[in-house]
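Trainee: 1 is the number of the first residue of the sequence shown in the UniProt record's numbering; add one for each residue after it.
Since the hints were derived computationally from the structure, they do not count as laboratory data.
Possibly wrong hints are sitting among the right ones.
List time: in silico DSS-like cross-link candidates among lysine-lysine, alpha-carbon distance up to 27 Å [to be verified]:
1. 172 x 191
2. 434 x 378
3. 419 x 378
4. 172 x 228
5. 378 x 440
6. 440 x 419
7. 434 x 419
8. 32 x 21
9. 21 x 172
10. 19 x 32
11. 440 x 472
12. 228 x 296
13. 262 x 21
Everything numeric in this text was worked out from a predicted model, so none of it was measured.
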Amino acid sequence: MLRLWRLRRVSRFFARLEKDKNYSYFWTRCAKLVSVTLFVIHMAACIFYRLAAHYFNPTETWIGSVWEDFKTESLYSQYIKSLYWSITTMATVGYGDLHAVNPNEMTFDVMYMLFNLALTSYIIGNMTNLVVHAATRTRHFRDTIHAASSFAQRNRLPVRLQDQMIAHLTLKYRTDSEGLHQQEAIDSLPKAIRSSIANYLFYSLVDRVYLFRGVSNDLLFQLVSEMKAEYFPPKEDVILQNEAPTDMYFLVSGVVEHIVHKNAIEHVVGEARTGDVVGEIGVLCYRPQLFTVRTKRLSQLLRLNRTSFLNLIQANVGDGTIIMNNVLQHLKENNDPIMQEILSETEHMLAQGRMDLPLTLCFAATRGDDLLLHHILKRGSDPNEADNGARTAMHIAASSGNDHCVALLLEYGGDPNKKDSEGNVPLWDAMLGKHESVIKLLVENGATLSSGDTGQFAFTAVEQNDLELLNKIVSYGGDVTRQTSSGTTALHAAISEGNIDIVKFLLDQGADIDLPDSNGWTARALADHQGHDEIKTLFQNRKEVIKRPIPTISQASKLGGSSSSSTVIGKKRIAKYGSEPMIAPYDPSTDYSPRGVMPSVPERTWTDDSSRRRRVNTFRNSLFGIMSAANTGKSTIETNTFFFLKLVVIRTCYGKNGFLNIYIRYR
Numbered sequence: 001m002l003r004l005w006r007l008r009r010v011s012r013f014f015a016r017l018e019k020d021k022n023y024s025y026f027w028t029r030c031a032k033l034v035s036v037t038l039f040v041i042h043m044a045a046c047i048f049y050r051l052a053a054h055y056f057n058p059t060e061t062w063i064g065s066v067w068e069d070f071k072t073e074s075l076y077s078q079y080i081k082s083l084y085w086s087i088t089t090m091a092t093v094g095y096g097d098l099h100a101v102n103p104n105e106m107t108f109d110v111m112y113m114l115f116n117l118a119l120t121s122y123i124i125g126n127m128t129n130l131v132v133h134a135a136t137r138t139r140h141f142r143d144t145i146h147a148a149s150s151f152a153q154r155n156r157l158p159v160r161l162q163d164q165m166i167a168h169l170t171l172k173y174r175t176d177s178e179g180l181h182q183q184e185a186i187d188s189l190p191k192a193i194r195s196s197i198a199n200y201l202f203y204s205l206v207d208r209v210y211l212f213r214g215v216s217n218d219l220l221f222q223l224v225s226e227m228k229a230e231y232f233p234p235k236e237d238v239i240l241q242n243e244a245p246t247d248m249y250f251l252v253s254g255v256v257e258h259i260v261h262k263n264a265i266e267h268v269v270g271e272a273r274t275g276d277v278v279g280e281i282g283v284l285c286y287r288p289q290l291f292t293v294r295t296k297r298l299s300q301l302l303r304l305n306r307t308s309f310l311n312l313i314q315a316n317v318g319d320g321t322i323i324m325n326n327v328l329q330h331l332k333e334n335n336d337p338i339m340q341e342i343l344s345e346t347e348h349m350l351a352q353g354r355m356d357l358p359l360t361l362c363f364a365a366t367r368g369d370d371l372l373l374h375h376i377l378k379r380g381s382d383p384n385e386a387d388n389g390a391r392t393a394m395h396i397a398a399s400s401g402n403d404h405c406v407a408l409l410l411e412y413g414g415d416p417n418k419k420d421s422e423g424n425v426p427l428w429d430a431m432l433g434k435h436e437s438v439i440k441l442l443v444e445n446g447a448t449l450s451s452g453d454t455g456q457f458a459f460t461a462v463e464q465n466d467l468e469l470l471n472k473i474v475s476y477g478g479d480v481t482r483q484t485s486s487g488t489t490a491l492h493a494a495i496s497e498g499n500i501d502i503v504k505f506l507l508d509q510g511a512d513i514d515l516p517d518s519n520g521w522t523a524r525a526l527a528d529h530q531g532h533d534e535i536k537t538l539f540q541n542r543k544e545v546i547k548r549p550i551p552t553i554s555q556a557s558k559l560g561g562s563s564s565s566s567t568v569i570g571k572k573r574i575a576k577y578g579s580e581p582m583i584a585p586y587d588p589s590t591d592y593s594p595r596g597v598m599p600s601v602p603e604r605t606w607t608d609d610s611s612r613r614r615r616v617n618t619f620r621n622s623l624f625g626i627m628s629a630a631n632t633g634k635s636t637i638e639t640n641t642f643f644f645l646k647l648v649v650i651r652t653c654y655g656k657n658g659f660l661n662i663y664i665r666y667r
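Given these sequences and hints, build the entire structure.
Mentor: What follows is the structure, given as structure tokens:
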């Protein structure tokens, strides 16, 4: 009986199979119910046989009353008879050939049949649920179709609308049954997973839409996460003409038509295919939808709600400007009179500041709309606000030559020397565009080139071979000798171009011909490498920096002093030191250095410790100094006399024995 504990493991096994997506839930459930039934039948058959085999009178048992010698039969035959009796009892279809005889068998039969009532109810309920569940969707679909048809007939709707209703309900049933549209399952997932799924499925499509050309990847990712995928059957209206602009749609697959109603007649004015957007004009310009959008065949579209779209744009103002520019450019390129009318109305609304989209100063400057720019500035916008490239409205207005916008920005405190991410300043943008009025206006308000990347400005002028532009750079405070951010200089560029006039100009401005670029090339080396003889000659004729000559010994003596004298220059005293004695000429035969190279002698300067006044050497007054002097073997009388006196001193200090030891050792 303890082995029955293993049934728990079997139960867990079937529970895992029911949750495993690789196995059919229906067939797994059926296998579990069949296994439970067979196990119960087997257990009941075993108990029936045990009751009969161990009863004291075998003939008064359910099997002995029919087969008196059942114990002589094989075990297999006995098991089959017991199994038969168990199945007929469970199925409640007993034939009367076998029945309980003794009280023990009757008691077990009662308990077994009560258990069978519960087991049969459980099995029938499960099987009914499995079978009915498969038909629930079909029944619900039929009920919905019937209700829609009754509604259409009761309200006498046109046949076209009835067909659209039936087609939409049929498509919804198909997408749900085939797993094409599981919005409920997707909505139950965390937002991060939903966003990742939408990004994987639709990001590449939305990235190609003209509306989002040039916007940031962050905004695209957020927009895709807010879109809802929907299926539309053929001949179904997605957007109605003149309805409120609540949504815009992006085509994933299929084709839709743009239809205009004139005098109760439909006119097809265009089509949209995969990657196109419909309804954007109404959403962005906030006006009734221009067209009726109707599908030509089964289509999948992404729906983006206007409120969600505007909320995202409010957090990405720079991208909103790009989107508005894309819309206006699209309207300009469209020759349809309706689109041109919308363009003029939209521009008028922009000038009045009545657009729901957040508009920036850069957007107004790009359009050259000084009225819109003034309106935005009056609302308190920062005149120095910049886009993603750190370009301000001043940069944009100066590059386009719009002096009215520049004057407005200066009036509201715009910085004329603001530098963008590439080192450009508004004055340089105006100079490149040759907008003299803007240049004059900026210079009068303190604009210079010194705050920008003047090295790059000069490099650009040299690339254009524009000497006049170089002169202007210098006149407006630019340093044409500076290096660019990449490490090169205008002089390098002029040498590469072979423009000797510009090279002369740069040299006159103080360009360093020995300044290396990022690759280690100096202007002198570059001219020599490229073979520009005129430039090389020009370099050679340049005046060298005059170096102060080092005075010789005779010159130093003429200045009135010995080698240790000093000269006063101004208020500073500069020490002068005599030169070393004359060194013999270099003789290779006496040279012992490697490869006959003359050994290097470190240069001595007036700051070296070795050239300072030497200290008094006390070695000669020590005992070891005395012995060293004695060991030199000098023969002069002065030396011998001095040596004798030293010996007397040693004799006095160290005694007789010490004196003899020292004398014998060094003698």
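Trainee: Does each hint hold? Answer for all of them.
Mentor: Against the structure, the hints:
| no. | hint | in the structure |
| --- | --- | --- |
| 1 | 172 x 191 | holds (25 Å) |
| 2 | 434 x 378 | violated (30 Å) |
| 3 | 419 x 378 | holds (24 Å) |
| 4 | 172 x 228 | holds (15 Å) |
| 5 | 378 x 440 | holds (25 Å) |
| 6 | 440 x 419 | holds (19 Å) |
| 7 | 434 x 419 | holds (19 Å) |
| 8 | 32 x 21 | holds (17 Å) |
| 9 | 21 x 172 | holds (24 Å) |
| 10 | 19 x 32 | holds (13 Å) |
| 11 | 440 x 472 | holds (12 Å) |
| 12 | 228 x 296 | holds (21 Å) |
| 13 | 262 x 21 | violated (55 Å) |
The earlier numbered hints that this structure contradicts are 2 and 13.
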